Amino acid sequence: MGSAILVAEDQPDIRDLIALNLRQAGYDVTPVADGRAALDSQADRSSDLLILDLMMPGLDGLEVCKALRAKGRATPILMLTAKSTELDRVLGLELGADDYLTKPFSMAELLARVKALLRRADLMRQAQQAHGGSTLRNGEIEIVVARRDVRVRGQPVELTALEFDLLLHFAQHPGHVFSRAQLLDAVWGYSHEGYEHTVTTHINRLRAKLEADPMHPAVILTARGAGYKMRDAPA
Amino acid sequence: MTVRLRLALTIFATGVVTALGVLVTVAIAFQRFEHESVYERANAFLGRVVALHPDLLDLQARDADGFTGFLRNLLLFEPDSQLYLLDAQGNVLAASGSMQPAPGFKVRLEPVREAVAVAGDRRRAPYVMGDDPEHMNLDAVIAARPLHRSVIRRDAATAGYLYLVCQPPSLNVGHAEVYRSTLAGTAMSGVMALIICMTLCAAWIVATVTRPLRDLSDAVARAQRDGFEGAPALDGAAPAAGRDEFAQLRAGFHAMLTRLRAQWDALRRLDQFRRESVSNLSHDLRSPLTATAACLETLDRRWGTDPARSDDRAMLEVALRNTRNAAQLVRSLGDLALLDEPQFKLQPMTMNLAEMLDDIAMRFADRAARQGVALRNDSASQASVFAAVDIELFERALANLVDNALKHTSPSGRVTLRAHADGDRVCVTVEDDGSGIAAHHLEHLFDRLYTGEAARSDADGGSKGLGLAIVKRIVELHHGEVAVRSEPGRGTAVTITLPRDAA
Chain A
1 MGSAILVAED QPDIRDLIAL NLRQAGYDVT PVADGRAALD SQADRSSDLL ILDLMMPGLD
61 GLEVCKALRA KGRATPILML TAKSTELDRV LGLELGADDY LTKPFSMAEL LARVKALLRR
121 ADLMRQAQQA HGGSTLRNGE IEIVVARRDV RVRGQPVELT ALEFDLLLHF AQHPGHVFSR
181 AQLLDAVWGY SHEGYEHTVT THINRLRAKL EADPMHPAVI LTARGAGYKM RDAPA
Chain B
1 MTVRLRLALT IFATGVVTAL GVLVTVAIAF QRFEHESVYE RANAFLGRVV ALHPDLLDLQ
61 ARDADGFTGF LRNLLLFEPD SQLYLLDAQG NVLAASGSMQ PAPGFKVRLE PVREAVAVAG
121 DRRRAPYVMG DDPEHMNLDA VIAARPLHRS VIRRDAATAG YLYLVCQPPS LNVGHAEVYR
181 STLAGTAMSG VMALIICMTL CAAWIVATVT RPLRDLSDAV ARAQRDGFEG APALDGAAPA
241 AGRDEFAQLR AGFHAMLTRL RAQWDALRRL DQFRRESVSN LSHDLRSPLT ATAACLETLD
301 RRWGTDPARS DDRAMLEVAL RNTRNAAQLV RSLGDLALLD EPQFKLQPMT MNLAEMLDDI
361 AMRFADRAAR QGVALRNDSA SQASVFAAVD IELFERALAN LVDNALKHTS PSGRVTLRAH
421 ADGDRVCVTV EDDGSGIAAH HLEHLFDRLY TGEAARSDAD GGSKGLGLAI VKRIVELHHG
481 EVAVRSEPGR GTAVTITLPR DAA
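Those protein sequences? They're chains A and B, same order as listed. Under our numbering, think of the first position of the first sequence as 1, with each following residue one higher. Under our numbering, think of the first position of the second sequence as 1, with each following residue one higher.
These are calculated hints, taken from the structure and not from any lab test. This one's a predicted model, so the numbers in the text were calculated from it and none came from an experiment. For glycine and all other residues, C-beta sits at the position ideal for the given N, C-alpha and C. Some clues are possibly wrong.
To be verified - Calculated from the model, a selection of chain A residues having no Cβ within reach of chain B, i.e. all distances over 12 Å:
#, residue
1, 9
2, 16
3, 32
4, 106
5, 121
6, 145
7, 160
8, 164
9, 171
10, 214
To be verified - Derived lysine to any residue pairs resembling SDA-like cross-links, with alpha carbons at most 25 Å apart:
#, chain 1, residue 1, chain 2, residue 2
11, B, 345, A, 195
12, A, 115, B, 295
13, A, 115, B, 300
14, A, 209, B, 348
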């Protein structure tokens, strides 16, 4: 049996099509029609992945998302939205969703995202286990992996979940150049044309928080024509 | 200078000029009266002297030295005057004053003759002005009588004149006192009070008359500052029409403003309705399109391996491609409606645009390679072209431009990206050596749904028309400008210019 996926979508046509395609791909799908049912279904047993429509009668996708995160559930959530503004609200404001898809989307895209999210959750779990107790250092930057704690020159720095994941990825591969597509794939867990700006935005924010002079970055460097890298850890 | 001030100044100046005119007239009349009375007295005095001493010339000839004393004695009761004895040519023979004129000193004869004539006929003139030997720079009131030598016949030729000069008032303390007390004291203060009263009155009248004008100009200024949406530019209901021109102007302005505001509101409502309609339509079309596309994809996968279905699959692919194009168009329409919303806010971040061009070049590298187009970022290798931009939107604008450039560039062509700082502005250029755009299409290039001659090619399903409109809107949101330079057959260069600290 494949991973367990919950689909909460109030439009029956779309819900059935998603369920059909996911089942064909070998997943164990539980379709529900609203947010309340989605939350109830998670009460005793967590699914491996949630697909939530943002606009649902009663409890909407964001509220379900917040309620689950408040309970400490880390289940990956894929949000379906109809308006592109809501993208920023979901990801940019870090309300807890891991990825989003704007309607109209294609089933191939949905399947790719689902696969990527599940793989990423898996990788994160492994990374957590591998580096669980470790502390990464790069010059004045210190990362305590298990506590998701970052200090620059001893001062704690507030990072969002994605900023932390991005920094962790860089810190685990100092000196290694990643293209934006590779970072999208490795940190966000999907590779889809048109979302690379998200990487740029997050690198910019990271620089603003870590660099002494964000205009002339010294930690997260640009490799022109190739991508971004973290400087080699100073000896 | 305000109209109010100008009017007040005009009235004040008129008042001052009028007052000065009155003063001068009064002063002249006063002086004339003075001269007249002085002359009257002098004339009578001379008459008496000549009647008593008809042989003055002989007396002088006999005893020149004693004559001066004689003259002085005559003047005992006429302290403000000097007596002179003249010969027929006007030479001074003797003088009563302490200042004796030099021998041969002459006074002008015309006034003397005039004075003689006036003495005989008072209708000719009220008084006569002539030379004062003691003050040759000033004329003084004079009187004269003809004298004859050894009188036998009264009508014999005139042998000389008895000449009386009345001292000018400026030399006379008493006269100056009179001037001050009567003119300066009473007239001046009266006139000044009048001027002040008039000016105050004028100020009040001007203020009253121009108040509507000032209200109106305030209202216009308010309307200009706040637009039609501000508080009502003219308070209260429409003012009563009629009465004067100001009231009519005010009423006209009020009516115009009301009408403009109504039209503006209607336009705004219409625009909002249009935006909301497009946004809602785009939103409502998304679900059915998602469902349709999903159905087609599912079918496509099912039939994928069945050779008997290959014709059906070809049809399915057309359906799927068109559905996706429709979906793309719907998404662009929705995005544009969103960007058009007045409350839409950018999320600017300072970013090196040369770096952003690198990212874009990498993003399109595969597609350019497939097409055989050389796509590269030509910015100086260490260029730091920092500007505050909304990364998502600005990258979208650049991507739309690169996408467009690639579409119109044939294999072995090139697309070049460039960023540079220019003073307090930054420029980003996307240049291709593709098919170019005819001049008559250029000005409509950024209009919504305008697609030039290469109308909706099935590859982009018409979304191209929105792509450039989105670019334009995004650049507008950044307070920048888009400029296109193009030559058919030679290529196109689109340049975005932004202020350094946009948004």
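Status of each hint after checking the structure:
1. 9: Incorrect as stated: the minimum Cβ-Cβ distance to chain B is 10 Å, not above 12 Å.
2. 16: Residue 16/A is in fact no farther than 12 Å from some Cβ atom of chain B, at 9 Å.
3. 32: holds (17 Å)
4. 106: Given a closest Cβ separation of 6 Å, the condition is violated.
5. 121: Its Cβ never comes within 12 Å of chain B, the nearest being 25 Å, so this holds.
6. 145: Its Cβ never comes within 12 Å of chain B, the nearest being 28 Å, so this holds.
7. 160: Residue 160/A is indeed farther than 12 Å from all Cβ atoms of chain B, at 14 Å.
8. 164: holds (19 Å)
9. 171: holds (21 Å)
10. 214: Non-interface label fails for residue 214/A: nearest chain B Cβ at 8 Å, not farther than 12 Å.
11. 345/B <-> 195/A: holds (20 Å)
12. 115/A <-> 295/B: Distance of about 20 Å is within 25 Å: holds.
13. 115/A <-> 300/B: Judged against 25 Å, a Cα distance of about 20 Å means the pair holds.
14. 209/A <-> 348/B: Answer holds: residue 209/A to residue 348/B is near 16 Å, not above 25 Å.
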